[in-house]
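With the hints as a guide, bring the two chains together.
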Amino acid sequence: MALNLRQKQTECIIRMLNLNQPLNPNGTANEEVYKILIYDRFCQNILSPLIHVKDLRKHGVTLYFLIDKDRRPVHDVPAVYFVQPTQSNLQRIIDDTSKSLYDTFHLNFSSSIPRKLLEELASGTLKSNSVEKVSKVHDQYLEFVTLEDNLFSLAQQSTYVQLNDPSAGDKEIEEIIERVASGLFCVLVTLGVVPVIRCPRGGPAEMVASLLDQKLRDHLLSKNNLFTEGGGFMSSFQRPLLCIFDRNFELSVGIQHDFRYRPLVHDVLGLKLNRLNVQGEKGGMKSFELDSSDPFWSANSSLEFPEVAVEIETQLNKYKRDVEDVNKRTGGGSGAEFDGTDLIGNTKHLMNAVNSLPELTERKQVIDKHTNIATALLGQIKERSIDAFTKKESDLMMKGGLDRTELMGALKGKGTKMDKLRFAIMYLISTETINQSEVESVEAALKEAEADTSAFQYVKKIKSLNVSLAASANSASRSNIVDWAEKLYGQSISAVTAGVKNLLSSDQQLAVTRTVEALTEGKPNPEIDSYLFLDPRAPKSSSTGGSHVKGPFREAIVFMIGGGNYVEYGSLQELTQRQLTVKNVIYGATEILTGSELVEQLGVLGKKMGLGGPVASTSLSGH
Amino acid sequence: MSARHGQSSFRDRTVEFFNIVESLRRSNAPAANNVPYGSGRSDVVARREDPRSALINQSEFSRRASKIGLAIHQTSQKLPKLAKLAKRTSVFDDPTQEIQELTVVIKQEISGLNTALLDLQVVRNTQNDEGNNSRDTTTHSATVVDNLKNRLMDTTKEFKDVLTMRTENMKIHENRRQLFSSNASKESTNPFVRQRPLAAKAAASESVPVPWANGSSSSSSQLVPRKQAEAESSPLLQQSQQQQQQQQQQMVPLQDTYMQSRAEALHNVESTIHELSSIFTQLATMVSQQGEIAIRIDQNMEDTLANVEGAQSQLARYLNSISSNRWLMIKIFFILIAFLMFFLFFVA
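So the sequences go chain by chain: R and X.
Under the UniProt record's numbering, the first residue of the first sequence carries the number 1, and numbering increases by one thereafter.
Under the UniProt record's numbering, the first residue of the second sequence carries the number 1, and numbering increases by one thereafter.
One chain only, chain X, in its complex shape (with noise of 0.2 Å):
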């Protein structure tokens, strides 16, 4: 409703505008022959080649900028996928495939627009060093890179709070299954004590590096063994059901496998972790602190204010000393010359 009241609030007067260029350029054309609308037509092609290769070099700059604009804006519509499919909180139905992918996809592209905003930032530098752009120009493109730079670090936050939800969601499932698997173990007596919860817990683990491990950029390799070893441990989970006693003698390799492939997991959060701590002191660096969350606008034009008075309290300072200055001259001027009547006079 707001919108339709928006909508209405306003006139667009531009067809109104272009009649009255259009009746202007009418009435003027026969009076002056057709010749200067044809020239002047000219000139603004002359003007607008002129500089062209500054343009062509800005053209550039907005381009990539709103290339990677875009990309981020992709980017950041994936997350709220990710966190939906994070969210899902039931033990059964986890959607770790699509996770995984998901999350490489979004890692891989942080990481190629951070890249991407360094090679922007080059661009804006080296043009900066040609010098052929107007002040207004480098704080325009400084004002862009910085705002991707915004946005960037934003979505990489928010990366970052969808994959701790998503460890936090995994933990709780953790906790359920050992809950689960402990009063198994209490009902059930001797033999299978040890192993049960290790089976559960081979199938927790299915879950636990997943986020991590995607999120690794050489996570094609590190998938290999853990696809293993859930390939190994789901069935053994579905046998430890049934035919717990089979099992008993396969309990030795199982163990190995789970050890392995939670060492791994760990080894993946570690390294992830690691790795999106740099992303973070990178753009952190890069960002400098702006403060411009509470700027308003006419608050530097007071800051102006406040200079040019203090500048002209200072000049008029200034002029003091100085008038007062050439009165000493005039004294010392009037001193020398009496004394030298003085000598005149009596001396002489």
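In isolation and in its complexed conformation, chain R is listed as follows (with noise of 0.2 Å):
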């Protein structure tokens, strides 16, 4: 019984979608009752990677609005809502019932209304003399994204700045752990587990990570709370593991450049909400969605793009062998011969033939599909020679520095502004010791090609930092340190570090791959045996956990503060693959990144430090 997000997610939804009713095995509602869906930008995120319009049709969904929209009154048909509990959604619904728009309102907030909003809703609707409209109001714990069965996503932009701004305040800084929390806290409702968190000490991860704790203990007390059910058959050794990262503990894996299909797409095309627009060849954008439906795509998507490219070779020219095929059977030749015994045979052959039409079409669809993706990649990385960035990168990974031509010529080579300066970074991260004239050669080489340099900037005082506090030698130990600002700021030099010696001692397997597959073994490892251990059921006095909960964990839900990519994703799912223990990770993230929206985010931390001034001017006029 393998978790899954996305099936767990649209079950919700369609329970919604059928006034929280309970359904028919076959899931379709008891009572036909066609109705209006409204719902807020946020919800629409949600909603559509999860559900077609003919599905809500099949639900009988017949309009569908979002909030902000002018509508008109439906009369005598009920309205389900779906949005977050805002202060500007509450006052559109009050609004819509005051001038009643439908016949009833079915209000579901994606996650739990506070009550002096509940109050305010109440006093509202009062007011207007609407309240019988209001026929339902639920929270449905699902306010985060998900794009793939074991892939979701919070939506909670730029937390990466927010979390380590120097000048963010405490409150600035718990309210962003408070909405990772929170939002934590409806995939687990959704999923309906209480599990075991580890996490490394210090930082976001542990604040996060100890908040969730707290609130899955203060629901736990209550009787009747939304875990009850799932309490009977999950005793402790299936529970799973919740391991709960700070993008700082790998910087590097959102920065560098990857050559697997899906981070390609996602990198180079901008794949968003399982959404893609290209450049078509007639001119137009195309938009093609990519999700588990497409069974080339849940394929192939974690091969290496040559690999890729001859996989949608292999499958056209089957899709041609099987055209011919059909055609051979009932083609022309055989219509001569009507003898009475063969009609009965042919009739069968051509009824065969129209209905492996529908497939043959669905298969040749996919495959124009891909081929168009692949053209445009193509375009791209021949453009931008991603596969030298790729590799020159992996390649300082490994060995921890490169040849200074190679590097010099990386950064004056084909490339984009943007694809320069992640590898500027990435070279920074990658070597231990700072030569400082290679750095001022890197930095010039950077300011050549007119890129921003704050981003770079912003790495290489962390690591100078980094370097000196290292002289000191922990002589302040981390907790003294009151200030929030310095705080994080020794956090994300220590982590940066830590970063570094992870690349050094692995070959290819990412940071947070090989501390997953340590943490879910459960055996005891110096590397993981600093991290925190909480158990959100276990009782408060016993904070070190009984040893049954250390066990192997056949499920581990992953999640990333500060914005996750498809490379951790794929190496992650690659882990379920190659381990046993370990059969099913969901991977998550405040929000899914690509290499240069990080590096943007890093810029913006670099401006307001002050780092790259001068520069920072130069590169705006060069935008």
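These are computed hints drawn from the structure, not numbers from a lab.
All C-beta atoms in this analysis are idealised placements derived from N, C-alpha and C, irrespective of residue type, glycine included.
Heads up, some of the hints might be wrong.
Said to hold, decoys possible - Under the rule of at most 30 Å between Cα atoms (straight-line distance), these lysine-lysine pairs were calculated in the BS3-like manner: (1) Lys54(R) x Lys157(X); (2) Lys463(R) x Lys414(R); (3) Lys54(R) x Lys160(X); (4) Lys133(R) x Lys67(X); (5) Lys54(R) x Lys136(R); (6) Lys99(R) x Lys116(R); (7) Lys160(X) x Lys328(R); (8) Lys157(X) x Lys364(R); (9) Lys364(R) x Lys160(X); (10) Lys364(R) x Lys328(R); (11) Lys328(R) x Lys369(R); (12) Lys382(R) x Lys272(R).
As the list claims (entries may be wrong) - What the simulated footprint calls covered on chain X by chain R, stretch by stretch (three residues with Cβ under 8 Å from a Cβ of chain R suffice, anywhere in the stretch; the number is not a length): (13) 10 to 19; (14) 134 to 148.
Okay, here's the thing in structure tokens:
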């Protein structure tokens, strides 16, 4: 029984569309009710990868609107609202009820609506005498976007910047942590599991983990909680492990170029909410959808790009063969011999051919789609020589340095400003000691390419601070640093070095993957012994937890604060295939970032610290 | 199990909401001396009565729609039963009678639903013509009608599939019988060579016309001759096993009835297929290609965004052209004045 987040969330949404009534076994409501669906922008993002218009129709939704749209009354029809519990949304709902746009209102909130807002809703509807219009109010705990069966995103933007911002105060940080923790709480409620939490000590990961632990504990105290149903059969060894990491744990993965299909599509073509816009051959934009309903995508998305191209070719050939086969069976020649015995056989062939047509056209469509995508990708790869970047970056990671001429060659060769910047940052992260002259020449090359170097400066600053900090040899224990900004500062320094070490010691595997593997195995391992251990089900006094919850875990949820990416996702999915103990890993992040987006966030941080000031101005003019 | 999970992953806060409403109402009521509450009530009633005419129309529409929806559901529930019956491959236990009846019922229901849908469309059109409905209401009702049409289409398709399967099965039966009877004819020599297969075929023909005969709307009249044929042929079949020699004299009338029933069956098949195909074309024209199979809900928005951006750039271009025009005008004006000055100074 593997946890399948996508399926679970879809189930929840379908139940909501059926006005939260129990469903028939065949998945439709007992009673046919036509209704209208109203959602806000956030919830639209939740819905659109999961459910298509066809499915909406199947569940009796005739119209679907954004809440901000100017809507006209439709009498005698119930409306289902699916919105975030915010002030403006509530105001819209109150307006709608007072105008009695619809017959009844079924309100569903994506997360738990605070008591205060509920009171406001009550007083608003009371004032306009439309209380009886509101028939149901529900908390849905669905405030996250599921992209694939095992991939989710909280869709909280630029968390990395906010968490690492040196000017951020306690209150802002706490707000972000609260937001992340409640998002995670929604995921766990939807999955219906109470996991065992592990995370590295210190930093945002620990804060989120302890807050989540607190939330779960508080929740489990109340008798009628959301996990009671799950408690019966979820014995301790079946509980999943939740590993929370911070982006600083391994920064390089977010920045490096990758040559596998899924990361490439995401990084180069900008896959967003499982949707992709590609410039068509005739100039128009074509949009494709890539999710688990596409067999080619789910089978090949983790392959390297050249292999994918080969695979497309073989699929195309196979398709052509099949078409020929069908033609041969039904085609022209047999029409002449029209004797009685063969008649039945003939029609049967024809029927078979007709029946196989939809399947063939579907395959053709899939092949066409991926040919289009691959063509677009290939154009970009040639133009930016992404393959060279990928190769050199992996060399950097493996050897911890590169020949100077090669380094400069990459920086002066083809590629966009962003590619060069990413390469330069990778160089910084990978080298253990800073070679001053080399760094300067790299910087000069970047400036020559008119790239915005503030991100580079930021990483460099942290790196150099780290060197001096190492010299003072942990004299001041980190807990003494009270000031948040400073603490975070120190955090990112140590984290960056940690990332370096991780990279140096591993060949191909990512640090996150290795750590998750070690954590799920549950064997004593010096690398993970310092990790925080939280069990929300255990009584508070015994903080260490029994040995029974330390054992090997079959299911794991990995969460990355500050932006995840498809490289890590792919690596974790590979882990489940390679390893025996872990059967299923769900990967989530505050948002799914491409390399350039993460570098942009680093650049924002660099600017906030006043780094790269003069360069920043030139780069702005350069944009 | 998943259902149990689904149950637990949300929280009903309706009660809490109404509690708050109740407490607020109580706290408001004494202060306002109960007057606003009461008047508010009557307001609501008044407001509700106001759009009543539209409401009645609309509810008439939705009542019909839900009735049709329910009927389609019921019809489609009968289909699996029919399929189960039709799937029975046993030669001797052929539930012909049941299949007949069921097919007639389903056939009638589908054509009834078809006309009901047309009526519904008329109702919708008249409502739209009256023009007292909002834009969204119109779209809503259009979607409802489309949805019902699609479902009816699906049901009809399923029905057709079941019938096709039935004929397939019968073909297989016939083949089997032929095989059996031809073997028999080889064993027993001469006089019965022609007669044996005929008898077998008569039995087979008993089942051949079945679904189609029932399928046609005028089936009741056609059932009579078919039943006669059945009555005549089935005893003959038994007889043929035992009293072949006496039967020889009966051969000629038997052949006649067989041919007759055969021709009728073919005719029935033809007419039913024709009828079904007409229903299909009718539905196909009604169900416009909606093309919403793979649409995502955010697609519209993106299109809108693109349109808005396009409009903006057009506006910008227009602004540019206007401003350049303005410059042109100023220039021309300037030149005119210059000429005027020239004339004033040098000519006058």
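Each hint tested on the structure:
Distance check on the hinted pair: Lys54(R) and Lys157(X) sit about 18 Å apart at the alpha-carbon level, within 30 Å; holds. Between the alpha carbons of Lys463(R) and Lys414(R) the distance comes to roughly 28 Å, so the proposed pair stays at or under 30 Å and holds. With a CA separation close to 23 Å, the supplied pair Lys54(R) and Lys160(X) stays within the 30 Å bound. Proximity of Lys133(R) to Lys67(X) is assessed by CA-CA distance (about 25 Å); at most 30 Å being required, the pair is judged to hold.
Proximity of Lys54(R) to Lys136(R) is assessed by CA-CA distance (about 26 Å); at most 30 Å being required, the pair is judged to hold. Taken as a hint, the Lys99(R) and Lys116(R) pair is honoured in the structure, with Cα atoms around 23 Å apart against an allowance of 30 Å. Among the hinted pairs, Lys160(X) with Lys328(R) is consistent with the structure: their alpha-carbon atoms are about 28 Å apart, no more than 30 Å. A distance of roughly 25 Å separates the Cα atoms of Lys157(X) and Lys364(R); the hinted pair therefore holds under the 30 Å criterion.
With a C-alpha separation of about 28 Å, the suggested pair Lys364(R) and Lys160(X) falls inside the 30 Å cut-off, and the hint holds. Among the hinted pairs, Lys364(R) with Lys328(R) is consistent with the structure: their alpha-carbon atoms are about 19 Å apart, no more than 30 Å. Taking the CA atoms of Lys328(R) and Lys369(R), the gap is about 27 Å. The hint holds against a cut of 30 Å. For the given pair, Lys382(R) sits about 23 Å from Lys272(R) by alpha-carbon distance, which is consistent with the 30 Å threshold.
Figure legend: the stretch 10 to 19 of chain X, annotated as covered by chain R; annotation consistent (8 residues with Cβ-Cβ distances under 8 Å, at least 3 required). As drawn, the stretch 134 to 148 of chain X meets chain R at 9 residues by the rule of a beta-carbon pair under 8 Å; at three or more, the given contact holds.
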